[in-house]
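Chemist: Make a model of the complete structure from these sequences and hints.
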Amino acid sequence: MLNNQGRPTGVDGAKNVGSATGFATYTGSRGLSQVEGLIYEIGDVKRTGVDFPEVEDFESCLGGMERKEEIGLVGLSEPETMRHYTRLSRKNYAIDLGLYPLGSCTMKHNPRINEKVARIPGLSDVHPLQPISTTQGALDLIDTLAHWLKTLTGMPAVAMSPKAGAHGELCGLMAIRAALEAKGDARSIVLAPESAHGTNPATAALCGYKVKPIPATADGRVDLAAMKEALGPDVAAIMVTNPNTCGLFEREIIEIADAVHAIGGYFYCDGANFNAIVGKVRPGDLGVDAMHINLHKTFSTPHGGGGPGAGPVVLSEALAPYAPIPYVLAGEESFELVEHDVVGGKSFGRMTAFHGQMGMCIRALAYMMSHGADGLAKIAEDSVLNANYVLASLKDVMSASYDGPCMHEALFDDRFLKDTGVSTLDFSKAMIDEGYHPMTMYFPLVVHGAMLIEPTESESKGSVDQFIGMMRHLVKAAKEGETERFLGAPYNAPLKRLDETAAARNPILRWRKTEEE
Amino acid sequence: MRYLPLSSDDRAEMLDKIGVKEIDDLFVDVPPHALLKGLLDLPLHMTEMEVEQNFEAFAAKNVSAGSGPFFVGAGAYRHYVPSSVDYQLQRGEFLTAYTPYQPEISQGTLQTLYEFQTQVAQITGMDVANASMYDGSTACGEAALMARRITRKNKVIVSGNLHPQYIDVVKNATKHTDGIVIVSETTVNKPENLLDQVDADTSCVIVQYPDFFGNINDYTALADALHEQKKILVIVTTEIVALGAIKSPGEMGADIVVGEGQSIGNGLNYGGPYVGLFATRQKYVRQLPGRLCGETTDADGKRGYVLTLSTREQHIRREKATSNICTNAGLCTLAFTIHMTLLGEVGYRQMAKINHAGAVKLAGKLKEVDGVELLNSTFFNEFTVRLNKNAAEVVEALVEHDVIAGLPVSRLYPNNPDFANDLIIAVTETTSEDDMDILVSELNEVLSC
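Respectively, the protein sequence lines represent chains G and P.
Under this note's numbering, think of the first position of the first sequence as 1, with each following residue one higher.
Under this note's numbering, think of the first position of the second sequence as 1, with each following residue one higher.
Simulated from the structure, these hints should not be mistaken for lab results.
Among the hints, erroneous ones may be present.
The calculated SDA-like cross-link candidates involving lysine to any residue, where the alpha carbons are at most 20 Å apart (straight line), are [said to hold, decoys possible]:
no., chain 1, residue 1, chain 2, residue 2
1, P, K361, G, G63
2, P, K361, P, S432
3, P, K171, G, V338
4, G, K461, P, S8
This one's a predicted model, so the numbers in the text were calculated from it and none came from an experiment.
Modeler: This is how it looks when you write it as structure tokens:
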């Protein structure tokens, strides 16, 4: 069936075949696998799912700016809305459905008590600009979370307003830049290893720095000699992820910190992989000057299909005075919210309106309190244990990029697929047919056809064993020449492989009533 | 610990398989002195019930907006969100999914983003919208950066009536890449001459609509004049419900529209998470920051959705990316889309009408109060009044009577004595006539003594 734009719709296109039973269905749906059109194909501009009272006539104060033309928004009644989004939800993979081995993403269990407390009206129904005397609980909560983060990282200060990890990186680099500028020495270069997340160089550029990449050693770590070579009076900072994106702890982390400090630069640590060391190692003991913490990774605030995140940044004594506004000050009897820099203050400015991702702070603090000091260290241990168990159980059939022990994620490359005609992408898509979300693919860039597996501490041994069994099964199939299983995969997902090239060549980014693009 | 499934037997068996004796053997790469020997000085684990009690205690020290008459807006608004929205958000398939990088098993999130992008483009009157930014203020910073990329000019002219915290974000976002930000004078209700400040080095002008003080200005002439000089007009809307009643920024000729979408589907949450809306003209698509969802087909020719144009983004383009942003507001966009779908055009417009009618009613009542002067001649659901007393002190006095009367402008402009008596008051569909009458009578009392 074609929609009114003449395109094949979710209501089956030309090839309504290929199921186990082989015959086409009238609806395109197959049992519980249901097709679902867009709201624009189901609803109309006259329908609504909300009842409002009528409004008595009144004299408008819009100054003649009334919106007269139809907007084109379609509505659905409430039952239609519920069905539409419930049907759509069933086309998503989720942690609640299975192991989610995305390396560097830390897809762990999202406890529902965190959701419950975030919805207590005294926390959720509070306006960011209502009088400070009426938000003492909110400020207490932010201050309490700050205390946990400082204690866990061994750092003296934390900026709570950054809205996500990359926003936290920007906050950290801006604090570094402000500290250097205060000495009249802004500098122009930031070093970042080749294995860095793309956000590191993108953030450095936004902060006005040129990025100089540092190569990795054969054992997957920062090349200290090359790094020292690159250091000079114009280097503002080095950005190092630790544990790094190969899933390894940087053994020479202290030497890296010392070397950058020796030239008057700062050490920015990308805290994306903090889950591996929380409660076991304090970044403050490693010479770190600034580090963001992805609350949606280590502290389990839901990923929600791509956000919202939160990225508080812990800061050293040297950088703390430059932290952004606003911040909370704990007084003798009450909490104060500082929204404007004090006279002669050094704050580098404001990163966002209001005070940051409060809703995420609530969830993260609930998660921390649930675990406590004892449970948090166990998170690190179990996540590292699960990853090493995967590494030990797969390294005889897959090609591990580096010898263990790894931290919370295990990195493989595509050498084991040599001569099979199967790529990392094909292998990943075949995992979908087995009911799994693929691991992180083609990242980090330092090995060929990377497969980065992070099981997290949320998985039972039985769950990890089944994952290992599945992986071994697929490796065997690939090596035995069952290429069709891989090249056409996924066969069992709601859709087959999607044409991403066509999407980028001719971008269709919205629905339109008539073909206009 | 209830979240950790491994038993001690499991752990022993797994260590054995790995070939090490104890867990700390897996941490051998950590410098020995840095590996903690004991527990950190933090509370031990708590039961679920204890956790909840802790948060009830925090909540008890706040005054929730719904507990009495409440009139604060200024960039975040208290609206009613239908129950079915939150039910959907809490479905594990939405809540616990990652970014849809594997489209074959992420069509739920992707199709929702496509619907979201369409709704945002329609509301703003623009061609295309992205899959959202962190919030309105950071989206505003990104708009300034995008305008500079398009025009290859450094200067940004900002209306003095843009939300002051947004102004600060724009300054901060552009300052390390040779950005120059000129802020026009802030006046509650005098017309600004922004065009006079535009010169050869100017990339864009940023205005708010309705503005920070609630005024509704027509920017059509400004757009035309800027386009003649090949400059970009950025229009910011912090109360997205307004666009159900007033002309869209697209109709006025905006090149980039930035919005705070919190009003639809999302609660106040003490400032976040919110949802940044970002829309533009088709010709600027490749300069957009952030995620984009696009339509395509699968191997069988069936329609599907993918994240697209990722060569703009940091994970591919690294230091040459259009932005360093790596997330969108995921669940908050879902909330926005579901709420907007429930509303439809009919509901959205009616919601806007109720908001405006309420504000008109309250403005009428306040005009009768001695010591209150309405400063706006136009407004949507928010306006500014000048009191005969210090506004911050009046607000504090009314807190004692369980009324939160609005935002004293001095909270955001502490060093400008001109604003000391000014109060911004917002009305939404959650404001009852009783609430208004209580405010009026409280103000009558406090302003007359």
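Chemist: Each of the hints needs a verdict: does it hold here or not?
Modeler: Checked hints:
no. : hint            : result
1   : K361/P / G63/G  : 16 Å, holds
2   : K361/P / S432/P : 11 Å, holds
3   : K171/P / V338/G : 19 Å, holds
4   : K461/G / S8/P   : 11 Å, holds
The structure agrees with every numbered hint stated previously.
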